[in-house]
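K.L.:
Taking the hints into account, I'd like the entire structure generated from these sequences.
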Amino acid sequence: MTMKQNTPSAPRPIDWTAYASQLGALGVLIAICIIFALIEPAFVSSRNIFNVLRQVSIYGLLAVGMTFVILTGGIDLSIGSLLALAGLVSAAVYKGGMGLLSAGTAGQAEGFGLIPAIAAAVAVGVLGGLLQGTAIARLKVPPFIVTLGGLTAFRGGALLFSSGQPISTFTDEYKFWGQGMVGPVPVPVIIFLGFALLAYVVLRYTRYGRHLYAVGGNPEAARLSGLNVSRIVLSVYVITGFFAGLSGFLLSSRLNSAEQVAGVGYELTVIAGVVIGGTSLFGGEGGIFGTVIGILLIGVLSNGLTLLNVSPYYQQILVGLIIVFAVYLDQLVKRRRR
Amino acid sequence: MDRQSALLWMKDVSKAFPGVQALQSVSLYAAAGEVLGLIGQNGAGKSTLMKILSGVYTIDSGELYFNGSPLVIHSPHQAQELGISIIYQELNLMPNLSVMENIFIGREPGGAVFVDRRQLEQQTRAILERMHMHLRPTALLRSLSVAEQQMVEIAKAISRDVRVLIMDEPTSALSEAEVETLFEIIRELKRSGVAVIFISHRLEEVLHICDRVSVLRDGQNAGDVQVADTSREELIRRMVGRSLEQFFHRTEHLDGSVSSTEVVLEVQKIHRRGNTLNPDAVVLDDVSFSLRRGEILGLAGLVGAGRTELVRTIFGADRRRSGRILLNGREVNIHSPVDAIRLGIGLVPEDRKAQGLILGLAVRENMTLAHLDTLSRAEFVQLATERRLVTEYIERFEIRTPSMEQKVVNLSGGNQQKVVIAKWLMLTPQILIMDEPTRGIDVGAKSEIYELMHQLATHGISIIMISSEFPELLAMCDRIVCLAEGRVTGELLHREATLETLMHFCTLRRQVVSVSEGAIAL
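So the sequence lines, in the order shown, correspond to chains B and P. When we follow my numbering, the leftmost residue of the first sequence carries the number 4, and every step to the right adds one. When we follow my numbering, the leftmost residue of the second sequence carries the number 5, and every step to the right adds one.
Keep in mind that a hint or two might mislead.
Sample of chain B residues facing chain P (criterion: CB under 7 Å; computed from the structure) [stated by the list, open to error]:
(1) Thr209
(2) Arg213
(3) Asn221
(4) Glu223
(5) Leu227
Covered by chain B, according to a simulated footprint, are these stretches of chain P (three or more residues, beta-carbon under 8 Å) [stated by the list, open to error]:
(6) 357 to 368
(7) 375 to 383
Read the hints as simulated data drawn from the structure, not as lab findings. Ideal Cβ positions, reconstructed from N, Cα and C, are used throughout, including at glycine.
P.N.:
Encoded structure:
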């Protein structure tokens, strides 16, 4: 009965407040970069810049997937564990044996080759995502619970798969993807930025992207508009699975070793980055641009503080504070908008 | 019994909300040991009145007296302290606590830390026995039926020494036998000197249990009569009044030629069970009707009649239990909104904000949401085409928004509704279902929406319109199907329909339908 009457003010072609949280994160990022540059000039050397980018590229890839999930109002806690499992599978396929059988036998090119190794890692990720997505979208188990289960189960799977042993030492062909350079640019950085661009285009310009925002904004209205909500929800977990799988391969390549403990705690850093970038945990708001900024912010902070010889423990405290502050800022902007 | 000595007396109470005068100089009194019936159409002001008594709203003007002394109610808590309790349709109980814990929640006997369970049980048992309620104090609330849970609410009120007990549609979820049990409890309350205010759409029950009836209409008093001196017909007359507001009137109605036009939709024998209150409740019972091309068909009914459930079932938003739906003479299977939309059916839902719109998205994105399949080429939304289309609809419907990029949350109710309607018209539907299309919309926007509906019908789109405002149905519809308690109780052509006939059919109860009122069209 009580309708809020809104008399429109001057015409505004773009609602900038919609991007406020993303732009806010960008502002903070630039400010921090300037401060670090002033204190420690080495911070802005091109070597260090690419170093930062390389450090965040795996987190970044995972965060791209996580943005899709969080846009629908969901969450995926399993990515770190799934990454470890996928990395081991990839390594085992590459080395031509399963698990322990091939561990330690360095460099023998008796395996199935690079392409099958990458394909296997991605397949493991996609399959894991499909499994969890089905439980969430069809069986209606809350995403937090399903992926909490995945967090434990996939880690167990990783330990079981390789009987608790890492699979190490690969050929250059394998290591190239995690360690190589194209000119001055590290390969994982290219992969990260490539997928970020692709995701940006998908979210902004495609029908699927539009559906995603609609489902996250109001699933009931989306359903009544003829959207297949459960299929869309399912799809985002497949997407995070894909990125977890790919990252599993990349991390094993970069470290020259696939470890059972790879990716422990990554989910929290990744979620932090997405949230700092202005994507709402309630769904329907945010985007890839903000996510890239958010992840860079975490990377820059950690890199800069390390350069300044600040203990990594302080870094964790700082990141924690920034998460809360970023969300508080976001709420502040929204409250003023009302 | 005169007003001054009544237990509760509301004198000339007014309350306005932006754009709506909800109550205008309403007076009401209730005496100890009396059962007062409070009736009125949807939106007559009953719930506003209740919310004033429970301390949710404050009054703009007027006076309240309790036991002869002036009264100001600040909060629900204070209302309860005074002995004014309200039992809402949606019960406010904790499903995982026991009966006794629910009754004494927040006032448990015992020390500062531990609850004295024995005393709790004894006190509960005393109340239950006094009221002849056959409940176990330790039973978990969620194991009880709706009727039993309602008893717990009443017991809770009694435990707080209730003086005035207000019951909002207490029988709507009860079976015949349970209603009788409830009436026994009400009589018991009456004997112990409680003033009971019984709000109901069921006139037979009001006439049966109440001593006196107060009628509200459009936020004003429309009569206060002793049950002994009144009749069902008089109550209906008082509820609807004589004043037909000036609504937009359609110039062309299909009346008379209706039989010659082609049937677009036929709904046959739809059944549905279960609602949020009661999984066994009969929601829709053997509902059949047909819709013709270019017709505006009204669905009339009071709250709980099953109108929204019926259209949601047709649209595939909820599962139906049985029944057939024929579209252009061919049976169709509609399992989800996707199916309905593919068949050319659109739904403007009852709750615009919760079901019709993605509030955080722009006008443009909301408008084309159901239309993206056609607007996309190789998955990419054709932005230029989209903008052109949206501009066209914004102009055609005169949607007042600074730009198509404005978030719909910032639009007024009428403009929001136009966005929802535009979303469906982009799909060129053959049937448009509109559930309360003018709810919460100012007068100007209302008439624009009426005009729009009329145009659509003229262009051959068939419309099913639900409205709680009978005058609106009378003005807009070629034909009106009346529902009561999930059943079709009557069907009226435009020229036959009056406020009285509509109200008559919408308040028909089941037995009455079969026994004394044989003259039903279906």
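K.L.:
Give a verdict on every hint.
P.N.:
These are the hints, each one checked on the structure:
no. : hint       : in the structure
1   : Thr209     : holds, 5 Å
2   : Arg213     : holds, 6 Å
3   : Asn221     : holds, 5 Å
4   : Glu223     : holds, 5 Å
5   : Leu227     : holds, 5 Å
6   : 357 to 368 : holds (count 9)
7   : 375 to 383 : holds (count 5)
Hint compliance for this structure: every hint is met.
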